[in-house]
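Each chain, written out:
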Amino acid sequence: MTDKAEVVVFWVFAIPLIMSALGVIIARNPVYAAMSLVAAFFCMAGVYVLLTAHLIAFLQILVYAGAIMVLFLFVIMLLSLSDEDLGVPRMRAMQVIGALGAVGVVALVVRAVAQAGVQPMRSVNPETFGTVKEVGRILFRDYLLPFEATSVLLLVAIVGAVIVAKQKV
Amino acid sequence: MPVNSYLALAAVLFAIGLAGVVLKRNALIVFMCIELMLNAANLTFLAFARQQGNMSGHAIAFFVIAVAAAEAAVGLAIVIAIFRSRGTVNVDEVNTLRDS
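Protein sequences appear in the order of chains P and Z.
Residues 1 to 169 (the numbering used here) are what the first sequence spells out, left to right.
Residues 170 to 269 (the numbering used here) are what the second sequence spells out, left to right.
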């Protein structure tokens, strides 16, 4: 892909991504926030494809936008929450400090990124980079123990979720 | 296209997630913002993997997705348990462990 086309595609995904991410924290209704997050995950998958991470982009859509967000929506519907019920208003000072902290993080990181100078991408072979075959080879050769540990982690998470959410153990 | 723009995008997303965690009071939206922050970390991993031509970053991103799934399952179970015992998901009202 030519450089100019890459820049155009990057912004085509980056601008909706930032907008929908902002939508998550602006929306008062949790369902709207969840739908906004789904949109953000789809745009994120587009950026991943731009980085030639095809397998991770697929997983992003299947696992995040599919499974995790369905779980979120189920819980939102289960709890039947109305709009964020404003009982006691939170301290204004805390909100201001939080917003300032977030802006500070952006300023700090963007400054560090700018100071690092332009770091061009190394050229990779798109036939092999980030494909299922190659990522699978790395997972099962260099990261076999973490991979197996992940399976145990998921088992523990399933059992833990059932135990915690159960009425009576 | 240099890696810097991807890193800046990840920084912006991370900050949006951080702001959500600090500002929002609905525990579910706080969880969504944590997912956003995990995604920003993933984007950084993949950007550097692409820049270095090294696919280890893809393996790490895979693990991050698995951990995020586990975290969402357990976290939402805790939210349900809290809602059942207290009738609220407002993080300001869940302060039993606070020293006061």
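What the hints contain is simulated information worked out from the structure, not anything from laboratory work.
There's no promise every hint is true.
Among the chain Z residues that face chain P by a calculated CB cut under 7 Å, a handful are [unchecked claim]:
#1 Pro171
#2 Leu187
#3 Ile198
#4 Ala210
#5 His227
Note that the Cβ used here is the ideal one computed from N, Cα and C, for glycine as well.
Going down the list of hints, with the structure as the test:
no., hint, in the structure
1, Pro171, "holds, 5 Å"
2, Leu187, "holds, 5 Å"
3, Ile198, "holds, 5 Å"
4, Ala210, "violated, 12 Å"
5, His227, "holds, 5 Å"
Consistency note: the structure conflicts with earlier hint 4 alone.
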